[in-house]
Structure formats: structure tokens, C-alpha cells
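**Q** Read off the chains here:
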Amino acid sequence: MRLLGTKTFRHGVHPPESKDETSGLSIRQFPFAPVLIIPLVQHMGAPSIPVVAEGDEVSRGQRIARADGFMSVSMHAPASGIVRRIALAPSIGGRMVPAVYLEPFPGSTQEVEDGTPCPLETSTPAEIIAAIQDAGVVGLGGAAFPTHVKLQVPEGKFVDTLIINGVECEPYLTTDHRVMLEQTDDVFTGIRYLLKVSGAKKVIIAVEANKPDAAEHLRERFPSDLNGCVEVLEVKYPQGAEKMLFAALLGREVPSGGLPLDIHALCCNVATTAEIGRLLPFGRGIQERVITVTGPAVKRKGNYRIPIGTPLRFLLEHVGVEEDVNRVFLGGPMMGAAASSLDISITKGTSGVTAFTDSAAERTHSPVYPCIRCGYCVDACPIFLDPSVLGRLAANEEFSVMAEQHHLMDCFECGSCSFVCPSHIPLVQRFRAAKTAVRKASAPKAGAAQ
Amino acid sequence: MTTPSKTLEIRTSPHILSGNSVDTIMFNVVLALLPVTAFAVYAFGLAGLLTLSMAVTSCVLTEDLICRATGKPSTIGDWSVTITGLLYGLTLPPALPLWMVAVGGLICVAMGKALFGGLGYNTFNPALVGRAVLQAAFPVAMTTWIPGFMAGRFSSLPSSTLTLPFTEPTVDAITSATPLALWKFSHEATPISELSMGFVSGSAGETSSVLIVLGGVYLIARNMMNWRIPASIFATVIALSGALHLTDPSRYASPMFMLFSGGLMLGAMFMASDMVGSPMTSRGCYLYGALIGLVTVLIRTWGGLPEGVMYAILLGNAVTPHLDRWTQHKVYGTRGKEAAS
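Residue numbers (the numbering used here), protein chains in the order written: chain A, 1 to 450; chain B, 1 to 341.
None of these hints come from the bench; they were simulated from the model.
Take the hints with a grain of salt, since some may be wrong.
Below, a list of computed lysine to aspartate or glutamate pairs in the EDC-like style, where the Cα atoms sit at most 16 Å apart [said to hold, decoys possible]:
#1 B:Lys330 x A:Glu317
#2 B:Lys330 x A:Glu404
#3 A:Lys299 x A:Glu323
#4 A:Lys7 x A:Glu234
#5 A:Lys299 x A:Glu317
#6 A:Lys196 x A:Asp160
#7 B:Lys330 x A:Asp379
#8 A:Lys440 x A:Glu404
#9 A:Lys196 x A:Glu121
The following label-pair restraints were derived from C-beta to C-beta distances [what the hints assert, rightly or not]:
#10 A:Thr436 x B:Ser282: 28 to 34 Å
#11 A:Met44 x B:Arg283: 47 to 53 Å
#12 A:Ser26 x B:Ser282: 41 to 47 Å
Every residue, glycine too, gets a C-beta built ideally from N, C-alpha and C.
Isolated chain A, as found in the complex (with noise of 0.2 Å):
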């Protein structure tokens, strides 16, 4: 679909971008903390299993835990140090998960450890694969995929078309701009992993048209070997979802249920892909990442690369907060989850902290009012479910009738309804506990069918 020359999907809405403050930022390293605290679960999957023990020493980049199976990924020390205590510790939910605590020596060089290289042109896409997973590489646009995993092409299925996705559509955030025109040979190198691996033959850059540099910056240095192009795409939340890439940028819709495999396509986020590209070569693992660090509460807004374990207390004592600071979220304010706590620490998925104040926060605090079928909702949704609806449903608990009747699953709460609803429902929260019943309801089911 086309509309002013660049490319969209149908629906969606249109949040203020407040991209501005940061996206002329360049990324600048973060200090270490006095104690970094790195959790075993930063992913989607099992927990990865620690090589080191209290008391070692290790230096910056070594790997410190492997992955469990193949669901799982291996995690790398973010700062030579010292290894104090492997316990439990909060994460962003409030559960508390098992971790690493690594003092840094204060005097090191803080060199990085290389591992084995893995070069592109003589591995295999099978050793890419391991080499991705023994990278700790997940999907860092905040999903925290293994990234390894959704490479896994199995028998019988074949990719055409590899999506770099630096879209970031998430309002406030800057990292994947920043990325995009500061490591643009990593993203490319890491293209060229990602093209060997998924045997795909064409590769598209979509990037939204609030960042005409990274796309200019991007197209000029396009390898004219590379079979593929860079595509802008209309400002619009949420065009960084990649089933809504699909449907901009091929057409295709993945199946309900289904993956990006079932209709040929594959999605990468572009910092995700700047990584393979940066750490491939050496054989290092992810230690460190670039987070927008931004907000009305924040005062040193900026693009930053952060050691994975950092408390958000020290993030926020070191960059500064205003007095009157409420709320603070991973990620950005349309998708990020709210922390529930200081003592959590940056993980892999988080592409941002952002922080409000009371008074930014004020339009939230509104009444609810009943639905009055202003339809904002129906027209807001990528999916075209009916929220209006699932939100009535919702209320009464009929949350099987949801799931059945009205594609309650398909939903994967881009918040778009509850961003645009004028009596102020909170849709997408209900659908989200909805989603979770549905889940509990069916769980004992397939536990009795084994």
C-alpha cells in the first residue's frame, strides 16, 4: 500500500514522535557501575546455565554462562572484575531471577576478550548459527528472541526476502537512528551473516521517513554487490512490527498462528544485525548495548552504550532525574514495561529507559467513560480486530468467547486501541489478562493430552 510515495500498512495511529532531543546524539559509552548485576534470563527461553564460579575473576567479554539447549543463549562478562555471589535478583516483572553480581576492577583496562572468529566467507551457515548463539545474540528491539533460532530454517521451508527492521517506531526512542549511522558497516557486514545463513536473496532496510539521514547515509554506502535496497516507509506506530513490515513491504500477511517462515520472509532489527556484524568476526559475545536514555524526567538525555547489568539506579543517578519523577519504563512508552523497581538491572532487550514526570504523566490519569462506539479503536488496530468489542467481552470475563469468537491471540499489544480510546479504557491492558487466562485455561489440557 502506498500513499505520498512511501509505503505503510493499513491502520495504526500516530503518537508525537518526541524523537528530537536525542536522535542528534552520538552514542557515547557508559561508565561502569560499582557492581554489575547480570540476570541468566535476558531471553525468551530457558535460563542459561553459569561457567563461572563466587569468587573468579573474569575479564571483559569472556563468557560467564552457556546457553541450556537450544532455546537458550550463552551470556558474556560486561567488565573484567570479580565474581561476588550468584543469586537471585528483581527483574522488570518483580519475579525474581537467578544472576551474576561482578565487581569491576576499578584499575583495568577493560580490554575485551576475543573468542574464536567466526569468518564470513569460510563458516557454514550452521556455524554462523552456533556462532550467533554462542554471541548471547537476541532480538534487541526489546523482544529478546534468540536470534539463532529464528535463523534455524528447517527442511522444506526457504526464505526469499531478509527485512532489516529500522523502523523504530516506538516514540522517544533514538537507538536503532543512531546505530543506522554510526555502525553502518557492522550493519552490513552483519547483513551479509544473516544473507548466508537464511539463504534469502534479496535483503530490504526499511527505515521510517522521520530518518531521512540513516536512510540517505544507508543507501550511499549500499554495497553494490548486495541485492537489495533501502526502503522508507510512512511514519506511523506500529510500523516496526514486523507483521506489519511484511504487509508494507511484500504484501504478505504472516498466517494467523503462523511465522515469518510460512510466507518466505524473515525480520531482523537493525541494531540486532549491526551486532552480528560487530561481533562475528572476533568471536566476542554481546556485553554491552545502545539504549536511549530520554523522557520530560530524564536531564542528560542521550544515545548511550551501556554495559549489560547496569542497575537502573545507577542509570538514572549518572544521567540525572528530575525531582518529580513518577514513572520510569523499559523501552519506550507505547510498549515498554513499567519498572517496578530501581534494582533491576539493563538487560539485552531494553532499547530504552524512559522516564516521566508527574505532570507528563497527567493525561493518563484521566476519567474512564463508558464506550461510545466512536469506532477510534476499530480503525486504530494493525490487525483489524474489533477492541471495542474484546473490550466489552473483557469486562464480563468471557474471555473464551474472546479467543474463540474474536481473535483474541492475534493481538500482540502494540496498545494502538488504548492509545486513541477517548473514554480512556484500558484496552490492551485487559486483553493482555485476557490472553493470560486463555493461556492457564488451555495449559492443564495439553499437560493431560502428554
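Assemble the complex: chain A is given as a structure, and chain B must be docked to it using the hints.
**A** Structure of chain B alone, referenced to chain A:
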């Protein structure tokens, strides 16, 4: 370096809202109705002013009393009942006895809105429910019209306005027929210029099409009205009445006359497009508009009444849930599947 010592609020995403709100939308509808309302007062003088004031007052009071009686916080602050009152007043003959206006206002809110569950649950447009009941209860008073722009309209009242409750209103000498009635019963066409500017007799607010369109365009520009509904109504009315007019111009009124006469403009712009009673899908809105246009032309052309917009919209309201169900979007990723199976 200070660490925030206050409690962090935890909510689930999204953490920002568009800033649109029910009360803002409703207030803007009231704003959009103000030019029409002012013109009604200007055209019908004191009678128009009293009718509109009584309509709004009775509706707002009823809502407030019902909230009090049921122990809920008053909902008059969301402006929706003000819209009901204004629209209801604008559809009334300006010289209607005030006690009838008050009774109708009570019915609008009590029967049309509160009985269904209040804002958002009222299947039918509350203003039209009240008007329909009055039409059935007081057929003569509801079809007695005074001409607009009478001399002395700001200093004297039509004798019917202050009729005591439950007595027959005395019929004034200065009644006149609406353009639709003129066409229906004596085949007299009123010039379009007079119709569009409002220099004719009719309900308080239905006479000036220009101001109605102005208000509608304002709401459409602010994305507070679905343009598809009035557009579809107008297109259907023009197409149907145009086809009829071509077959026999002396028997069937011209499409322009149909468009600008009676309550069509006001109904299409402000009542059919009421969010609560209209479909949510785009295709549903087109069908809904087409149905209203069709029924309006049918009643006006072959029905016993000169005007049919009110019944057409009420019928449209009744069909809305079905239209919504029939016109649901195909959910992303389910198209191919259903085609294959």
C-alpha cells in the same frame, strides 16, 4: 545526585494517550451546533429561544435527577445530554407549547438514554426517541409551524407557546406550511436558495442548511464525526430522488429540493452520525447511510407523512449492531487460511 525517593507508579503500557476524551468530543459537538442554534433563535425569536432553553433544561435536569436517584455521580459534565437537549429542541416546531417540550425532554433522557443504560448504551438517538413520542402523542401541535422572521418575534410569543399543560393549544392565525408539506400536499416547490439559507418555516434548527453543513465540516475536520455517514446519506438521496425526478419532474421533487428541505441536513449531519448509534466499521457506515437515505426517500415520496428522516434514522440505529457484525474486518493473517479451507 539525588535518587528519587518517591514511589514509582506501575502501570502497563501504553503510557501515553492521544489526549482525546469523551467530554472534549461532546463539547465540540455542542460548539458545532451553536451557529444553528443561534440562527434558530434569530429566525423564530422568543419562541425559538424558549423552546430551545426548555428542551436543554428539561434534558439536563432529567439526567441529573436520574443520576441522583440511582446514587451515581452526575454525568451532565460529559456534555452528551446537552447535545441531546439541543438536537431535540432543534427538531421541534418553534411554537410548540412549552409543557410539551418539557415532557418530551424527560422522555428523551429517561426512555431514550437512561433506560438503556446511559451514555454508550442507548441504541436509539435519545433526541429522536423524545421527538417520536411527541409526534405520536401530539400530532397536531407537532405539525403546526410558524413562519420564520415574523415582525415582532422578539417582543411577542405565539399564543400556543404558553398553553397550560393538558389543554388544547389554540391555533394561531399565523401558521404556515413547511416546504415538504407544500410539495406533498399541493406540489409547490420552494426555491433552493430560500431552502439553503433557511428563509422557510420548519423545525427550529432544520431550516438553515448552510450553518448545519458548517458545523458538520468542523467536526469532520477534527475527526469527531465519521464523514462517511452524511456522505452516504446524501449520495443515496440524490441518486434515488434524481432517478425519480427524471422519470416525472412534476410528480417527484428534484434531488436538490430533497437534500435541502426538512430535517435531512440536520438529521444526516448531527443525528445519524451520533457515534453511539452508528456503526464502527467504514463499510458499515456506508450501508447505514444508504439505508437512512433510502427510507427517507421512500417515506417522503410514498408515505403518508411529508417527512421521514426521523424514522429513517431510528431504523438505522436499530440495524447498527447487525451492520457492525456483517462488516467486520478480516483479521490479519486469516484471509489466506479461509480461502484455502
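**Q** Each hint: holds or not?
**A** Against the structure, the hints come out as follows:
As the CA atoms of B:Lys330 and A:Glu317 are separated by approximately 49 Å, the hinted pair breaks the 16 Å bound. Of the pairs offered as hints, the one joining B:Lys330 and A:Glu404 holds, with about 15 Å between alpha carbons and a cut-off of 16 Å not exceeded. For the hint linking A:Lys299 to A:Glu323, the alpha-carbon distance of about 10 Å falls within 16 Å, and the restraint holds. This hinted pair checks out: A:Lys7 and A:Glu234 have alpha carbons roughly 6 Å apart, not beyond 16 Å.
Our distance criterion of 16 Å between C-alpha atoms is met by A:Lys299 and A:Glu317, whose separation comes to about 10 Å. For the suggested pair A:Lys196 and A:Asp160, the alpha carbons sit about 12 Å apart, so the restraint of at most 16 Å is met. At most 16 Å may separate the alpha-carbon atoms for a hinted pair to count; B:Lys330 and A:Asp379 meet this at roughly 13 Å. Among the hinted pairs, A:Lys440 with A:Glu404 is consistent with the structure: their alpha-carbon atoms are about 15 Å apart, no more than 16 Å.
Taken as a hint, the A:Lys196 and A:Glu121 pair is honoured in the structure, with Cα atoms around 9 Å apart against an allowance of 16 Å. Take A:Thr436 and B:Ser282: their Cβ atoms lie about 32 Å apart, and the range 28 to 34 Å holds. The hinted range of 47 to 53 Å is not satisfied by A:Met44 and B:Arg283, whose Cβ atoms lie roughly 38 Å apart. Taken as a hint, the range 41 to 47 Å holds for the pair A:Ser26 and B:Ser282, whose Cβ atoms sit roughly 45 Å apart.
Hint compliance for this structure: hints 1, 11 are broken, all remaining hints hold.
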